[in-house]
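*Asks:* Chain by chain, the residues:
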Amino acid sequence: MSSVSPRSPHSAVPAEAVPAHRSATFVGMPPFPDAARAATRDSQLRHNLRKATHTIRDKRDTVVSELDDWSELRAAGKAIKDRTLRHLDHYLERLEEAVTAAGGTVHWAADAAEANAIVTGLVRATGERDVVKVKSMATQEIELNEALAEAGITAYETDLAELIVQLSEDLPSHILVPAIHRNRAEIREIFRDRMAAWGAPAPDDLSDDPRALAEAARVHLRERFLRTRVAVSGANFAVAETGTLVVLESEGNGRMCLTLPRTLISVVGIEKIVPTWSDLEVFLQLLPRSSTGERMNPYTSTWTGVTPGDGPQEFHLVLLDNGRTDVLADTVGRQALRCIRCSACLNICPVYERAGGHAYGSVYPGPIGAILTPQLRGTASPADAALPYASSLCGACYEVCPVAIDIPEVLVHLREEVTARPGHLGEKAAMGAAGWVLEGERRLGAAQRAASAARGLVPRRLPGPGAAWTDTRDIPEIPEESFRSWWRREGRHGRAETEGPAPGQLRDDPAERAGRGEDGGR
Amino acid sequence: MRIALFITCVNDTLYPRTGQAVVRLLRRLGHEVVFPESQTCCGQMHYNTGYRREAQRLAVRFVETFADADAVLAPSGSCAAMVRDNYPRLGEPGSRLDRAVAELAPRVYDLSELLVDVLGVTDVGAYFPHTVTYHPTCHGLRLLKLGDRPYRLLREVRGIDLRELPGAAECCGFGGTFAVKNPDVSAAMGSDKARNVAATGAEVLCAVDNSCLMHIGGTLERGRTGVKAVHLAEILASTEQEPARI
Numbered sequence: 387m388s389s390v391s392p393r394s395p396h397s398a399v400p401a402e403a404v405p406a407h408r409s410a411t412f413v414g415m416p417p418f419p420d421a422a423r424a425a426t427r428d429s430q431l432r433h434n435l436r437k438a439t440h441t442i443r444d445k446r447d448t449v450v451s452e453l454d455d456w457s458e459l460r461a462a463g464k465a466i467k468d469r470t471l472r473h474l475d476h477y478l479e480r481l482e483e484a485v486t487a488a489g490g491t492v493h494w495a496a497d498a499a500e501a502n503a504i505v506t507g508l509v510r511a512t513g514e515r516d517v518v519k520v521k522s523m524a525t526q527e528i529e530l531n532e533a534l535a536e537a538g539i540t541a542y543e544t545d546l547a548e549l550i551v552q553l554s555e556d557l558p559s560h561i562l563v564p565a566i567h568r569n570r571a572e573i574r575e576i577f578r579d580r581m582a583a584w585g586a587p588a589p590d591d592l593s594d595d596p597r598a599l600a601e602a603a604r605v606h607l608r609e610r611f612l613r614t615r616v617a618v619s620g621a622n623f624a625v626a627e628t629g630t631l632v633v634l635e636s637e638g639n640g641r642m643c644l645t646l647p648r649t650l651i652s653v654v655g656i657e658k659i660v661p662t663w664s665d666l667e668v669f670l671q672l673l674p675r676s677s678t679g680e681r682m683n684p685y686t687s688t689w690t691g692v693t694p695g696d697g698p699q700e701f702h703l704v705l706l707d708n709g710r711t712d713v714l715a716d717t718v719g720r721q722a723l724r725c726i727r728c729s730a731c732l733n734i735c736p737v738y739e740r741a742g743g744h745a746y747g748s749v750y751p752g753p754i755g756a757i758l759t760p761q762l763r764g765t766a767s768p769a770d771a772a773l774p775y776a777s778s779l780c781g782a783c784y785e786v787c788p789v790a791i792d793i794p795e796v797l798v799h800l801r802e803e804v805t806a807r808p809g810h811l812g813e814k815a816a817m818g819a820a821g822w823v824l825e826g827e828r829r830l831g832a833a834q835r836a837a838s839a840a841r842g843l844v845p846r847r848l849p850g851p852g853a854a855w856t857d858t859r860d861i862p863e864i865p866e867e868s869f870r871s872w873w874r875r876e877g878r879h880g881r882a883e884t885e886g887p888a889p890g891q892l893r894d895d896p897a898e899r900a901g902r903g904e905d906g907g908r
Numbered sequence: 011m012r013i014a015l016f017i018t019c020v021n022d023t024l025y026p027r028t029g030q031a032v033v034r035l036l037r038r039l040g041h042e043v044v045f046p047e048s049q050t051c052c053g054q055m056h057y058n059t060g061y062r063r064e065a066q067r068l069a070v071r072f073v074e075t076f077a078d079a080d081a082v083l084a085p086s087g088s089c090a091a092m093v094r095d096n097y098p099r100l101g102e103p104g105s106r107l108d109r110a111v112a113e114l115a116p117r118v119y120d121l122s123e124l125l126v127d128v129l130g131v132t133d134v135g136a137y138f139p140h141t142v143t144y145h146p147t148c149h150g151l152r153l154l155k156l157g158d159r160p161y162r163l164l165r166e167v168r169g170i171d172l173r174e175l176p177g178a179a180e181c182c183g184f185g186g187t188f189a190v191k192n193p194d195v196s197a198a199m200g201s202d203k204a205r206n207v208a209a210t211g212a213e214v215l216c217a218v219d220n221s222c223l224m225h226i227g228g229t230l231e232r233g234r235t236g237v238k239a240v241h242l243a244e245i246l247a248s249t250e251q252e253p254a255r256i
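Heads up: the sequence lines are chains A and B, in that order. For what it's worth, our numbering labels the leading residue of the first sequence as 387, then goes sequentially. For what it's worth, our numbering labels the leading residue of the second sequence as 11, then goes sequentially.
Next up, chain A with everything else stripped away, as it sits in the complex:
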C-alpha cells in the first residue's frame, strides 16, 4: 500500500455502494496467481470482461480483415519503430530542437521521481492548484497524480473511463478502457454517489443508459474544462522532424484539455518518437483498427510548440526514460518498446479475460504488461517474477499485435531471467531431475516402468504441487506399458501393408486384441 492517495479533496463521501481497491497504486499487490484466483471467482467481473473483450475483439477482427495490406502495414510499423529505436539518440535530439524552435521547452527525466519533480515544479510556477488531465499511460506509470497530491495539487482525470476509476478510488484495469471491469449499472452508482464530491453532481434520476451516463459526465467535465488553466497530457506519437505531438482519443475531452488551458505539460516516453509525418501515417492506420476497432480515429489532435494567440501559450515536453534505455539494451526484450498501447493483445488474451487487469499489479496489464513491467521494474520481487509466467504462450497476442511484438518470445526470455536468479529451489530441482531422466533413453524407460508398476497407487487427488492439477482436473491413467516398451516387444515386428491388410495384422475379435496387448493393454 502506498502512503499517498489520489483521494478527492472532499474526503467525507461514503463509497460503500461501490466496492473498489482502496490502494492508490499497485504497490504491494499479491503476485499474479494469487490475485487471479480471486478474479476468476468474481462472476460479475468475469461477465463484464467477457462481454467487453469479445465485443472489441470482434470489432477489431472485422476492420482488420477488410484491409488487403494489413500485413504490409504491420511490417512497416515494425520496421519504422525498429529503425527509430536503433537511432533513438539522433531522433530525440531532432525532436528537442524542433520543439524548442516552435516555442516549447523540453525537459529530460531519467526516472519517475525526476519527471514528477519537473511537472510539480512547473505547475507550482503557474500558481494553480488544479490540473486537468488527458488520458495518459506515462503519467500513470510514474504515479504523477499521487505526486501532485502530495504537493497539494489536484489532478482531474477527464477521460470518461479514467473519471470512473478516479471517482471510485479504483485502479485502471486496461490500457485503453481503464474501467473495463465495470458495467453500466456500476458506473451509474459511482456517478450518483461520487460526482458531487468532485464537482457538478449527477442528476437525481440518472439511469444506466449509456447516453445518460455520458451526458452526466459531459456536464461534470465541461465546467472543469472552462475553469482549469493547466493541463497535463501524454502523447501517442512525437514527430521528430517538426516537433509535433499527437494524441488520439475518442471523446474530444482530450482536445478540450489540449486547447483551452493556458499551460500544457506533456509527459512522453522516449520510445514514442516517429521520425516523419509519413511514418505517422502508418500508425494512424494501425492504431485505431487495433485498439477501438474503428477505421479512423475520432479525435486526432496535433500540436507543435506554441501558437501565439491560439491554444496554450506555455508548452513543456517532459521526455521520460524510467527504465526504457535498459529495455533498449536487451536485444530480445527491446521489441516491447515498439508498443503503441493499442490493447489488442489484452482484448484477445484468454488469461487477461479471466484474470482481469488488476491481477497484473501494474498500469500495464495483459500480455504487453507481462513483458513490459518486468523489464521496467526488474524481476526481483515475487510479483514481478510471476508476470512472465502469466501466460499460456498461446500466441494470440503476437498474432494481433500491429507492430509484431513476439510477446511469447519475450515471455520465455524473461522466464530465463527469472530462473537465473536465486530461489525457486523446488522447481529447479524438479526441472533438473526431469532433465536428467530425459537425457538418457534408458533412464526414461526405467522411470516409465516404475510409473507403470505404481499405476494402481496413484491417488485421484494428488498431494503437494500436484493438487494444482487434480483440484480441477482428473489425471490420465498411467498405461500398463509405455509406447517404447510396446515397440520393443511387438511394434517393431510389423511391416508396411502394400495391398490391403497383411494376414494376421487385423484381428476382428476385440477380446483377442485386448489379450494381445493392443491399445496399450497387455
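Among the clues, some could well be false.
Stated by the list, open to error - Once the Cα atoms are required to be at most 35 Å apart in a straight line, the calculated DSBU-like pairs of lysine-lysine come out as:
1) Lys-191/B to Lys-445/A
2) Lys-437/A to Lys-238/B
3) Lys-191/B to Lys-464/A
4) Lys-191/B to Lys-155/B
5) Lys-191/B to Lys-238/B
6) Lys-437/A to Lys-464/A
7) Lys-437/A to Lys-155/B
8) Lys-464/A to Lys-155/B
9) Lys-155/B to Lys-445/A
10) Lys-814/A to Lys-191/B
11) Lys-814/A to Lys-155/B
12) Lys-445/A to Lys-464/A
No lab work stands behind these hints, which were simulated from the structure alone.
Starting from the known structure of chain A, fit chain B onto it as the hints suggest.
*Replies:* Below, chain B alone, put in the same frame as chain A:
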C-alpha cells in the same frame, strides 16, 4: 516412404495408444515406420519454463537422433512447433546445433502435415461412427499453421458426424507448467473450453496434441460429461475391421 516416429515423452509415457495408432495408420497406407530408440523429449517444458540449458541439451539429442531421417513425424502439435519454431532460437547463430536445426527442422511434421502435404492423402480409409468436434490447439493453429488439414482428413472419415466447436481458436488453458503455476486461470479457461465442447453435443473431442487433450479431457471427466478426448491419430487409424475403442 520411411518415416521416423518421434513419439514425444507425453505420448510415450501416458498415451501409447496414440503411438500405436500412428504406426497402424502409416503401415496401412503402405509406409515404413522406424522408432529411433535414443529419442526422449523435445525439451518444450524446459524451454517454456525458462530452463534454456536443459532444453538445449535435449535439442542436441533430438537433432543427433533424427539427423538421417527423411521425414520425422511428431504426433503432437506443440512438440513439432517446439522443433520448428523454437529450436532455431536455441543455438548460437552458426553453431553446430544451429546448423543441424536449420537442416532438420523443415523435415519435422505434425500428423496432418505428413499425411496431407508429404504423403498426399486425405482419405486414409478410416471409419469412426461417432459425433466428433475438433479443437485446433494454439500450436497447431498459430505456430504450425495447420489450417484446414485436420478437417480435410476428418471429413473423409466414414461414419463421422463432425460438429463445429464454438470459440475453437481460443487456448484451452493448458500451457505446460502454466496449468500448475496459474491453476485458477488455467481451470477457468479449461472449463470454458469444456463447456463449448459439451455444447456441440459431440461424444468425442479430437485434437493433434495429447497435452491439450489431457487438460480438456481431465476437465470433461471431472465434470462427468461423458465426452471422451481422442487424438486425431486414433480416429484416422480406426477402421471397420479394427475400430478404435472409445
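*Asks:* Looking back at the numbered hints, which does the structure fail to meet, lowest number first?
*Replies:* none
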